[in-house]
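There are 2 protein chains.
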Amino acid sequence: MRNIRLTLQYDGSAYHGWQVQNDAETVQGKLETAIKDITGETLRVTGCGRTDAGVHARKYIANFHTHSSISASRLPYALNSHLPNDIVCIEAEEAENEFHSKNCAVGKKYLYQINCAPMPDAFLRNYEWHCRYPLNVDEMRRASKAFIGTHDFIGFSSSGRTVKTTVRTIYELNIIQNGLKILIEVVGNGFLYNMVRIITGTLVFVGSGKISADDMEQIIASGDRTRAGITAPPQGLFLTEVYY
Amino acid sequence: MRNIRLTLQYDGSAYHGWQVQNDAETVQGKLETAIKDITGETLRVTGCGRTDAGVHARKYIANFHTHSSISASRLPYALNSHLPNDIVCIEAEEAENEFHSKNCAVGKKYLYQINCAPMPDAFLRNYEWHCRYPLNVDEMRRASKAFIGTHDFIGFSSSGRTVKTTVRTIYELNIIQNGLKILIEVVGNGFLYNMVRIITGTLVFVGSGKISADDMEQIIASGDRTRAGITAPPQGLFLTEVYY
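In the order they appear, the protein sequences are chains R and L.
Residue numbers for the first sequence, in our numbering: 1 to 244.
Residue numbers for the second sequence, in our numbering: 1 to 244.
Derived by calculation from the structure, the hints in this document are not laboratory data.
Worth double-checking, as some hints may not be accurate.
The list makes no distinction among identical chains, and a pair is therefore deemed to hold if it is satisfied within one copy or across any two copies.
To be verified - Under the rule of at most 27 angstroms between Cα atoms (straight-line distance), these lysine-lysine pairs were calculated in the BS3-like manner:
hint, residue 1, residue 2
1, K59, K30
2, K36, K59
3, K36, K164
4, K181, K145
For reference, chain R alone in the conformation it holds in the complex (with noise of 0.2 angstroms):
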């Protein structure tokens, strides 16, 4: 049998995330479908992770064992016509028979969007938090540097999915002013549920005053989710990159 590796884009807006779910239009749900279309084999794809509802991914990688004869260079113009097209596959490949998208992913990159624009944008509705008032970039920094490390994240966490630990490493926390734009761009060897969103949470409490850089050590210690910021709307997140 085959392994197909696919790299994917898709915008996250009509979908109830990556995960197959009953009843609720997937990601996952939409390609196992096209799959379908394409090969008649009913199977089940691997993603490298999940994504909530509403938050988009640049750069995601699946793959998926087929009996399928297709070519790889032709598969993602096959899947691309059976796709709805805010789901896009920018590239298939023939990957080693172990290799597995989740359980081999050593680490993932983050981008988180916001606007800080009194008005919003019409056309980024779907793309970024509109925080309506300037933050203060430097506090946010300072901040950020608390994160980089190994650090137990259960207070950046969000209850409701079962993992062996808790723990994750934090290696770049990069935040990039443009204008009235800011980035948040973050790379770790994994996030647990609603990670990225908390800390942008926090970060944007930090620099709107509510809670202090000089805190934020103490916060990450202390396993208190309710010490950190809120849960950033998932419309601004973006996986763009996965490391093997």
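Given the coordinates of chain R, assemble chain L onto it according to the supplied hints.
Same frame as chain R, but now just chain L:
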């Protein structure tokens, strides 16, 4: 009575264009409903021109006469809280009583976005024309020169609307290449129904070798719609400036 001038931005994807129609969602209809919610007045808003279904505006000018005393500086916030989030009021100001957003306009600028990459972009599916193949931009630029100046553009319009004259003046037509993206920017004193989309479709035919740049003057002079290219799809088109 006060005359209020509004600057709007809208994503036209979900609308049957600007102008109010029976049984169809339009931008003008949404705006008039929002104004009624705020002022209690049932009134007609004047727009700077029609846009087709699926066409967008980065800067659309409208005006309306009102008895309301709401301050112009507060009005955008009030409107935005009553408008769907794909229509945004950027600015409101008091205008001279004689100001008429359509009759006083002396020119408009439109932008058309084309993507020549082999794969579509999931995030820009509603904001560009995915042409799939590289285009000869030098030939498109050569052909574009024939449009500059005052011409009878009857061959570059769709029938179905009565106009006094089909003569229009184009002041500028710039073709900007940015990697595999091509932007067509056109400034004129006015545009016939579908005129920018037909000019774009014709320039794309030149770029793909279906029409010779050498024939462009003749094609314009012929007034024959069948000699021009196809009507480019609506989603790549943005009204970006209105001149008074």
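Hints versus structure:
1. K59 with K30: Within one copy only: 17 angstroms inside, 36 angstroms across.
2. K36 with K59: within (22 angstroms within a copy, 44 angstroms between copies)
3. K36 with K164: neither (34 angstroms within a copy, 56 angstroms between copies)
4. K181 with K145: Only inside one copy: K181 and K145 sit 21 angstroms apart there, 38 angstroms across copies, limit 27 angstroms.
Comparing the model with each earlier hint shows a violation of hint 3 alone; every other hint is respected.
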